[in-house]
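Sequences and hints are given; from them, build the entire structure.
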Amino acid sequence: KQEVTQIPAALSVPEGENLVLNCSFTDSAIYNLQWFRQDPGKGLTSLLLIQSSQREQTSGRLNASLDKSSGRSTLYIAASQPGDSATYLCAVYHRSQGNLIFGKGTKLSVKP
Amino acid sequence: DGGITQSPKYLFRKEGQNVTLSCEQNLNHDAMYWYRQDPGQGLRLIYYSQIVNDFQKGDIAEGYSVSREKKESFPLTVTSAQKNPTAFYLCASRWPNQPQHFGDGTRLSIL
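Read top to bottom, the protein sequences are chains A and B.
Residues in the first sequence are numbered consecutively from 1, following this note's numbering.
Residues in the second sequence are numbered consecutively from 1001, following this note's numbering.
Just so you know, the hints here were simulated from the structure itself, not pulled from any lab data.
Wrong hints could be hidden among the right ones.
[To be verified] Derived CB-CB ranges, DEER-like:
{"#": "1", "chain 1": "A", "residue 1": "Pro82", "chain 2": "B", "residue 2": "Ile1051", "range": "38 to 46 Å"}
{"#": "2", "chain 1": "A", "residue 1": "Thr26", "chain 2": "B", "residue 2": "Glu1062", "range": "22 to 30 Å"}
{"#": "3", "chain 1": "A", "residue 1": "Pro82", "chain 2": "B", "residue 2": "Asp1054", "range": "42 to 50 Å"}
{"#": "4", "chain 1": "B", "residue 1": "Trp1095", "chain 2": "A", "residue 2": "Lys1", "range": "25 to 33 Å"}
{"#": "5", "chain 1": "B", "residue 1": "Ala1061", "chain 2": "A", "residue 2": "Ile7", "range": "26 to 34 Å"}
{"#": "6", "chain 1": "B", "residue 1": "Gln1041", "chain 2": "A", "residue 2": "Val13", "range": "20 to 28 Å"}
{"#": "7", "chain 1": "A", "residue 1": "Ser28", "chain 2": "B", "residue 2": "Thr1020", "range": "38 to 46 Å"}
[To be verified] One-sided and incomplete, this derived list gives chain B residues near chain A with beta-carbon spacing under 8 Å:
{"#": "8", "residue": "Gly1040"}
{"#": "9", "residue": "Gln1041"}
{"#": "10", "residue": "Leu1045"}
{"#": "11", "residue": "Ile1060"}
{"#": "12", "residue": "Ala1061"}
{"#": "13", "residue": "Thr1086"}
{"#": "14", "residue": "Leu1090"}
{"#": "15", "residue": "Pro1099"}
{"#": "16", "residue": "Phe1102"}
[Claimed, not checked] In silico PhoX-like cross-links for lysine-lysine, where the CA-CA straight-line distance does not exceed 20 Å:
{"#": "17", "chain 1": "A", "residue 1": "Lys1", "chain 2": "B", "residue 2": "Lys1057"}
{"#": "18", "chain 1": "B", "residue 1": "Lys1057", "chain 2": "B", "residue 2": "Lys1083"}
{"#": "19", "chain 1": "B", "residue 1": "Lys1014", "chain 2": "B", "residue 2": "Lys1083"}
{"#": "20", "chain 1": "B", "residue 1": "Lys1009", "chain 2": "A", "residue 2": "Lys42"}
{"#": "21", "chain 1": "B", "residue 1": "Lys1057", "chain 2": "B", "residue 2": "Lys1071"}
{"#": "22", "chain 1": "A", "residue 1": "Lys104", "chain 2": "A", "residue 2": "Lys1"}
Here the structure is a predicted model, which means the values were calculated and not measured.
Where a beta carbon is used, it is the ideal one built from N, C-alpha and C, also for glycine.
As C-alpha cells, then:
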C-alpha cells in the first residue's frame, strides 16, 4: 500500500532563507504528485502538480522536483517570507488506488 | 468565480444524531471527494465519486454516507454510527489528471 512521508514535521527559518521540504513515497507507480499549502483552519490550495513523466515544475519562488525511481520529491522555496508560513502537504495519485494519498505535512514558520 | 463551497463552516452534533455536510462546486468537475483531517494527521479519504449516481468507499467510510444525484453536489452524512466524528472535513473536486481543488472545510464537534 502506498505511503507518503514528509520530513521534517516542522521547520522554523528566518526570513530570506532558501529552504527545502522533503516528500517520499513507497511505490513509484504514480500518475502525478501534488504539493499543497494549508493555512490554519482553511482548505488546501494547490501549489504545483508534477506529472509522472516530468522532473520538475516551477511557479514563482517555488520549484518542485520529482524522482520517481527513488520515490522522492522536494519543494524548494526561494527567499522565504513570513507570508509563506503554513503547512505544506505532499500527495501522490496512485495508479491502482485511484485517488490522492497524502503525507502528514510540514509546518513551516518563517520569522521576520 | 468558480470554486467549491462547503457549508456550514462549523457544525455541532448531539449524541445519536445524523448531520449532513454540504459540498457544491461550479467547476464542472466530474470527480468529487470527501476527506477527514485530524490534528497532526494527513487527509484520509472517506468517499469519492467519479460520476453522477456512482460513488466508492475510501479508507474510512464506516459511519458515513454520501449521495451524488447532481454533478454539482456531493453531500456527506455523518451518522450516529460514527463514534468519533470530531474532525475537520474537506471536500474536493477535479478534472482527470488535473490538480484537486478544495473547499474551505467544515469543522464538526460533539455537543
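To see whether the hints hold, each was checked on the structure:
1. At roughly 43 Å, the beta carbons of Pro82(A) and Ile1051(B) sit within the given window of 38 to 46 Å.
2. The given range of 22 to 30 Å is respected by Thr26(A) and Glu1062(B), whose C-beta atoms sit roughly 25 Å from each other.
3. Pro82(A) and Asp1054(B) have their C-beta atoms about 45 Å apart, which keeps the hinted 42 to 50 Å range intact.
4. At about 26 Å, the beta-carbon gap between Trp1095(B) and Lys1(A) stays in the expected band of 25 to 33 Å.
5. Taken as a hint, the range 26 to 34 Å holds for the pair Ala1061(B) and Ile7(A), whose Cβ atoms sit roughly 30 Å apart.
6. In this structure, Gln1041(B) and Val13(A) meet the distance hint of 20 to 28 Å, their C-beta atoms being roughly 24 Å apart.
7. Separated by about 39 Å at the C-beta atoms, Ser28(A) and Thr1020(B) satisfy the suggested range of 38 to 46 Å.
8. At its closest, the beta carbon of Gly1040(B) sits 7 Å from a beta carbon of chain A; the interface hint therefore holds under the 8 Å criterion.
9. Given hint, Gln1041(B) at the interface with chain A, holds; its Cβ is 6 Å from that chain's nearest Cβ, closer than 8 Å.
10. Here the hint on Leu1045(B) is kept, as its CB sits about 6 Å from the closest CB of chain A, short of 8 Å.
11. Violation of the interface hint for Ile1060(B) is found here, the shortest Cβ-Cβ separation to chain A being roughly 12 Å, above the 8 Å cut-off.
12. Given hint, Ala1061(B) at the interface with chain A, is violated; its Cβ is 12 Å from that chain's nearest Cβ, farther than 8 Å.
13. Interface hint at Thr1086(B): violated, since its Cβ lies 15 Å from the closest Cβ of chain A, which is beyond the 8 Å cut-off.
14. With its C-beta approaching chain A no nearer than about 6 Å, Leu1090(B) sits inside the 8 Å limit, and its interface hint holds.
15. Among the interface hints, the one on Pro1099(B) holds; its C-beta lies about 4 Å from the nearest C-beta in chain A, closer than the 8 Å criterion.
16. Restraint check, Phe1102(B) versus chain A: the minimum CB separation of about 4 Å is within 8 Å; hint holds.
17. Our distance criterion of 20 Å between C-alpha atoms is met by Lys1(A) and Lys1057(B), whose separation comes to about 16 Å.
18. Note on Lys1057(B) and Lys1083(B): the hinted pairing holds, with a Cα-Cα distance of about 18 Å set against a maximum of 20 Å.
19. The suggested pairing of Lys1014(B) with Lys1083(B) holds, with an alpha-carbon distance near 11 Å, which does not exceed 20 Å.
20. The suggested pairing of Lys1009(B) with Lys42(A) holds, with an alpha-carbon distance near 10 Å, which does not exceed 20 Å.
21. A threshold of 20 Å between alpha carbons decides the hint, and for Lys1057(B) with Lys1071(B) the separation of about 18 Å falls inside it, so the pair holds.
22. For the hint pairing Lys104(A) with Lys1(A), the CA-to-CA distance comes to about 16 Å; that is within 20 Å, so the pair holds.
Violation of the numbered hints given earlier is confined to hints 11, 12, 13; the remaining hints are satisfied by the structure.
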